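Given only the sequences and the hints, what does the whole structure look like? Please build it.
Going down the list, the sequences are from chains A and B.
First residue of the first sequence? That's 723 in my numbering, and the numbers climb one at a time after it.
First residue of the second sequence? That's 308 in my numbering, and the numbers climb one at a time after it.
The hints are all genuine.
Using 25 Å as the maximum straight-line C-alpha spacing, the simulated SDA-like pairs for lysine to any residue come out as follows:
hint, chain 1, residue 1, chain 2, residue 2
1, B, K503, A, F941
2, B, K503, A, R936
3, A, K776, A, G759
4, A, K788, A, S738
5, B, K503, A, E884
These are computed hints drawn from the structure, not numbers from a lab.
Just so you know, these numbers come straight off a predicted model, no measurement behind them.
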Amino acid sequence: MQTFDLAAEGLRELNSTLHAQSEETNQTKWEVVNPRGSHAIAVGLDAPIEVNIKGSTGYYCGGMNKQATVHVHGSAGPGVAENMMSGTVVVEGDASQYAGATGNGGLLVVKGNASSRCGISMKGIDIVVHGNIGHMSAFMAQSGNLVVCGDAGDALGDSIYEARLFVRGSVKSLGADCIEKEMRPEHIEILTDLLARAGSDAKPEEFKRYGSARQLYNFKIDNAY
Amino acid sequence: MNNSQNDGPPQTLPVQSATFSQNVNSEIRRAAATGIYDIRGGGAKRKVPHFDDLLFLGASISRYPLEGYREKCETKVTLGTRFAKKPIVIDTPITIAGMSFGALSGPAKEALGRGASMAGTSTTTGDGGMTPEERGHSTKLVYQYLPSRYGMNPDDLRKADAIEVVVGQGAKPGGGGMLLGQKISDRVAEMRNLPKGIDQRSACRHPDWTGPDDLEIKILELREITNWEKPIYIKVGGARPYFDTTLAVKAGADVVVLDGMQGGTAATQDVFIEHVGQPILACIREAVRALQDQGMHREVQLIVSGGVRTGADVAKCMALGADAVAIGTAALIALGDNDPRWEDEYQKLGTTNGAYDDWHEGQDPAGITTQDPDLMARFDPVDGGRRLRNYLNVMTLEAQTIARACGKNHLHNLEPEDLCAITLEAAAMAKVPLAGTDWYPGKPGTSY
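The structure is reproduced here in structure tokens:
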């Protein structure tokens, strides 16, 4: 295992070292110490490596990740795993705003709570939050799955497209065009798999599903008649 | 109308109201019939103070001109000198503005790449991601990083020659994009990860940052992902150019792109296009002042856009302090948009060449702003690219002609002192003297 002291060696050196890892690298395990809330840690990775960050991170940790597993042994600042393409990002603590924003793929797991706008504009990512999520989460969410084992704040799924939202606890309010939907067997199957991969022992049957009423998909235009 | 006194009392001619003009009345009737605001493409159509209101003084006894076609007048510009390891060098300061695949057809995007590449300049992606055709035909491609993040991925980010963080655009500062269902083809839907045929509205704010402090960190992330190689542009609409430019520089921009209200859009509400934002003429000097106040003029480059049509416009932008310009609508016209050859079809659509702006409907007779395979087939990207190259070359030659006449051996050496204004409004906005005077409204040390 390679250990990297961020305080001593700096962010540029860390990211360029991690970027230099290829598909075939045999240096697959990395540990980052002294992250001290730094921004943009382990961003733009594209190799099947595992990066363990020993502490809390600032903005955009694991941003645009491909293939790699990034594990934050602390809490994460805004935009953790933003625009992730594939791979896994796990946050042991809480995540700030915009967790998993615009993500296209991969799995983001937040063991604590996630703040507002979790899963905003998500485009295929799977997000599992063991705790609660804040307001305006899954705003304009396009596709993928957001699983919340606790409660959701105001305006969940506002202007949502085809993403699936699963919430075990209460939903303070639903946003525009977001409605509760029937939980069918295929949804239980998706949920069972995601909960298992995220290390949650919550029961799929305890969740409700929310999604788009599809009433905002088309608006009348000037020459429509 | 008979005004003869022999046939009864004289009658006055019918008077059309300037307030309730025929255009205004037709819009009232349209709104009353449909109950929905008017959506269209393009930029502001109203008359606003513009580059036509400025004139160059030219050389005379007190200034020494350069010989046209013989003495050198450089046009090369380097963009991204502040932080980027690999700045972009363009042969002419006229770039192609961001326009999306989706709004434009694939062949139209290809033609923009071909024309720009032949002229030695850059082209720009748009709200919908980067297409292989576009990347393949553009030697210098600027990748827009937009609030919607449609099609955004780190591989394309790394393939780009520069990254443009779009905060706003001149046609609709404060608004997001629109792409109506008629243009959401299978390919467009797949690139944007959206259901086919929906009326798509892009977000107006970025999803993962708010304000200049966050933007600074976002730019750090983009630089880290791309190894600090790519110039980072920040594009803003012409709203508060002094403050927006100041904050863009603070956030770490290499280049500021400033788009006035005449700048086009693929689709938005007409009321937005015509009533929000400032003319580009009012924005340039304020942006330059912001750069100068921070000691960043020429270190952070300024690209301006919004109604640039000719080499004279280019030269005027440069004289006001810009480093380069961007063209969008003008480039589409060079490709064949609104061409009189399609007049019969414009008539069928209830419009006429020069006025066609229903780009959102996807029925463009010229085959440019459409995803309809039959219409697209009318447009030849090779020929379109050649026309764009010719047009870019003509503009460059025109700008050089003016610069030489002003005694400048580089377009950058043009300066406000080379200009005068022929209207008070233009004098005030461009901060150059009203013709025949040494004064402009607001000139320091003078009173109104």
